[in-house]
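Each chain is listed here by its residues.
Number of protein chains: 2
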Amino acid sequence: MLARLECRNRRWRIGLVCAEDESSRMAVEWALQRKFVNVVFIGGTEIVLADKRFDRYRSHISVVRAESRDEAACTAVRMAREGTVDILMKGLINTDNLLRAVLNKEHGLLCKGAVMTHVALARMPSYHKMLFFTDSAVIPYPNREQRVEQVRTIVRICRQTGISRPKVALVHCTEKVNGKIFPLTEDYVEVIRMAKEGAFGDCVVDGPMDVKSACSADAMRIKNIKSPINGDADALVMPDIEAGNCFYKTITLFSQADTAGVLAGTKVPVVLPSRGDDAMSKFFSLALAAWCCYGEE
Amino acid sequence: MLARLECRNRRWRIGLVCAEDESSRMAVEWALQRKFVNVVFIGGTEIVLADKRFDRYRSHISVVRAESRDEAACTAVRMAREGTVDILMKGLINTDNLLRAVLNKEHGLLCKGAVMTHVALARMPSYHKMLFFTDSAVIPYPNREQRVEQVRTIVRICRQTGISRPKVALVHCTEKVNGKIFPLTEDYVEVIRMAKEGAFGDCVVDGPMDVKSACSADAMRIKNIKSPINGDADALVMPDIEAGNCFYKTITLFSQADTAGVLAGTKVPVVLPSRGDDAMSKFFSLALAAWCCYGEE
Numbered sequence: 000m001l002a003r004l005e006c007r008n009r010r011w012r013i014g015l016v017c018a019e020d021e022s023s024r025m026a027v028e029w030a031l032q033r034k035f036v037n038v039v040f041i042g043g044t045e046i047v048l049a050d051k052r053f054d055r056y057r058s059h060i061s062v063v064r065a066e067s068r069d070e071a072a073c074t075a076v077r078m079a080r081e082g083t084v085d086i087l088m089k090g091l092i093n094t095d096n097l098l099r100a101v102l103n104k105e106h107g108l109l110c111k112g113a114v115m116t117h118v119a120l121a122r123m124p125s126y127h128k129m130l131f132f133t134d135s136a137v138i139p140y141p142n143r144e145q146r147v148e149q150v151r152t153i154v155r156i157c158r159q160t161g162i163s164r165p166k167v168a169l170v171h172c173t174e175k176v177n178g179k180i181f182p183l184t185e186d187y188v189e190v191i192r193m194a195k196e197g198a199f200g201d202c203v204v205d206g207p208m209d210v211k212s213a214c215s216a217d218a219m220r221i222k223n224i225k226s227p228i229n230g231d232a233d234a235l236v237m238p239d240i241e242a243g244n245c246f247y248k249t250i251t252l253f254s255q256a257d258t259a260g261v262l263a264g265t266k267v268p269v270v271l272p273s274r275g276d277d278a279m280s281k282f283f284s285l286a287l288a289a290w291c292c293y294g295e296e
Numbered sequence: 000m001l002a003r004l005e006c007r008n009r010r011w012r013i014g015l016v017c018a019e020d021e022s023s024r025m026a027v028e029w030a031l032q033r034k035f036v037n038v039v040f041i042g043g044t045e046i047v048l049a050d051k052r053f054d055r056y057r058s059h060i061s062v063v064r065a066e067s068r069d070e071a072a073c074t075a076v077r078m079a080r081e082g083t084v085d086i087l088m089k090g091l092i093n094t095d096n097l098l099r100a101v102l103n104k105e106h107g108l109l110c111k112g113a114v115m116t117h118v119a120l121a122r123m124p125s126y127h128k129m130l131f132f133t134d135s136a137v138i139p140y141p142n143r144e145q146r147v148e149q150v151r152t153i154v155r156i157c158r159q160t161g162i163s164r165p166k167v168a169l170v171h172c173t174e175k176v177n178g179k180i181f182p183l184t185e186d187y188v189e190v191i192r193m194a195k196e197g198a199f200g201d202c203v204v205d206g207p208m209d210v211k212s213a214c215s216a217d218a219m220r221i222k223n224i225k226s227p228i229n230g231d232a233d234a235l236v237m238p239d240i241e242a243g244n245c246f247y248k249t250i251t252l253f254s255q256a257d258t259a260g261v262l263a264g265t266k267v268p269v270v271l272p273s274r275g276d277d278a279m280s281k282f283f284s285l286a287l288a289a290w291c292c293y294g295e296e
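Those sequence lines, one after another, are chains A and B.
Here the first sequence is numbered in numbering that gives the first Met the number 0, starting from 0 and rising by one per residue.
Here the second sequence is numbered in numbering that gives the first Met the number 0, starting from 0 and rising by one per residue.
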């Protein structure tokens, strides 16, 4: 994925909001090395100007001063809205403070009618390819409309990163549709129908199925499930934020997963690392955000 | 845990319902080898009598014929109710069919006023000790009363397996209590209050916190969470069945976890393996069920 980004020979403009933390600066430095970004540091500019590592990238960076973190957030969001940065990234600022500026109805970054959702990506030794998943951070309990947009978004991002026909599993604890106990499963039926009718372009969407069936052909065979996913999912749509967050934290802690994440459904992709994310994960998130900037090809 | 079972020098009587499947027979054979069980095979008896491996355990096994799987289930449940078996285990019978007999209001195994819940146990290379969790299989969305019983049950089972002061983390995607968006978090506050007042005996109960914070002191420090769990949880109480099932399937598939599981809140522990479980996992479940038979000591 990274190699293919570099080949494209295009630089996306990142706005890093509050550059005071070391791991964010390290992540953007790596992205500068790989030549797929230019960086606008918004807030925390003194520390950037004093950081000798950035001297060699002088023609690819710029700084915008801000008196406070909130001012940095508002400035960054305004630049994104005006089209002078392509990607926003959270530095040393609370998620709440940055999100407040992003979500502002008048001056924020919400696209009209769009559903804001979080898409993440994991690479782990125990799975044979990258695995996308949504939503571990933003929508608590998706309703049908939000579910449709989650699927639309993850299909689009999978395709943007080069998966021509993504396999999307709608995850649930049971593979039986049962609207009485599990109302979500009825939404799944509707989403699958829409996918078959072409609402999301070329893709395979199936479920309900559990994480193991989605990602293991053996597990699927033992359970006697027939599905075009065939244990080879590219993406998991999680039933709710509890399952999504549980998956994200579990693979990070117990499965040596590298992860990346990006907020979608906004005018520009927003990288919102958690406090616990390291520089590598922030760097991967930047790469994912850069892919999100490309149209489908 | 196994070694300590053997030292006890006590045999619990297992009723294996429908002995036709190989991996269940293998699991009970291992348990016979380790000398902590006697086995009553209920249904599928011809195959057991023809299985030479059991010849050497003749004084520790018996067979009860059944005309059908449902008859086997009813007979097994009656024996459990009458106290002639101590543990039930599902063999080659659908979970639904066995549960129907277990849940029968008149002739079943429900204790009056008790909440039936599923408790599981994982051992994985990336965690330094056994990790209990509930509920990945039975209660979809626990209400406050069910939550209290889940905590009571998992604390009891932890203590029965030798953990004198279990640390129980109440898992949630956020560590902030917010009844408006996340009503569960208010139940957690109440459960923690009860724990502090001694309702569950000697134990530590805290939350809400995510899986990573519950099981990593580093993650807890980075997030600046102060908790007596301190990243060293013995048990995770999952917010709902979606998160529980997602955790269970994820660690099995992506973290090389060995797991065991048992149904609690019934007159005798019931081992209900999934179709995908191997003989080792069924054997571990038997060991866990045997522990559940001991009183707290």
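Any given hint could be a false lead.
25 angstroms max Cα-Cα, derived DMTMM-like pairs, lysine to aspartate or glutamate [unchecked claim]:
{"#": "1", "chain 1": "B", "residue 1": "175", "chain 2": "A", "residue 2": "174"}
{"#": "2", "chain 1": "A", "residue 1": "179", "chain 2": "B", "residue 2": "201"}
{"#": "3", "chain 1": "B", "residue 1": "222", "chain 2": "A", "residue 2": "54"}
Quick list of the computed label-pair ranges, beta carbon to beta carbon [what the hints assert, rightly or not]:
{"#": "4", "chain 1": "A", "residue 1": "176", "chain 2": "B", "residue 2": "3", "range": "28 to 34 angstroms"}
{"#": "5", "chain 1": "A", "residue 1": "221", "chain 2": "B", "residue 2": "110", "range": "52 to 58 angstroms"}
{"#": "6", "chain 1": "B", "residue 1": "125", "chain 2": "A", "residue 2": "103", "range": "39 to 45 angstroms"}
{"#": "7", "chain 1": "A", "residue 1": "192", "chain 2": "B", "residue 2": "110", "range": "42 to 48 angstroms"}
{"#": "8", "chain 1": "B", "residue 1": "113", "chain 2": "A", "residue 2": "125", "range": "25 to 31 angstroms"}
{"#": "9", "chain 1": "A", "residue 1": "161", "chain 2": "B", "residue 2": "200", "range": "54 to 60 angstroms"}
Calculated from the structure, these hints are not laboratory results.
Bear in mind the structure is a predicted one, so any value in this text is a computation, not a measurement.
C-beta atoms are modelled at their ideal positions from N, C-alpha and C, and glycine is treated no differently.
Going down the list of hints, with the structure as the test:
1. B:175 / A:174: With Cα atoms ~32 angstroms apart, residue 175 of chain B and residue 174 of chain A exceed 25 angstroms; violated.
2. A:179 / B:201: Cα-Cα ~39 angstroms, so violated.
3. B:222 / A:54: 32 angstroms, violated
4. A:176 / B:3: 28 to 34 angstroms: 44 angstroms, violated
5. A:221 / B:110: 52 to 58 angstroms: 33 angstroms, violated
6. B:125 / A:103: 39 to 45 angstroms: 41 angstroms, holds
7. A:192 / B:110: 42 to 48 angstroms: 44 angstroms, holds
8. B:113 / A:125: 25 to 31 angstroms: This hint is violated: roughly 38 angstroms between Cβ atoms.
9. A:161 / B:200: 54 to 60 angstroms: About 55 angstroms separates the Cβ atoms of residue 161 of chain A and residue 200 of chain B, which means 54 to 60 angstroms holds.
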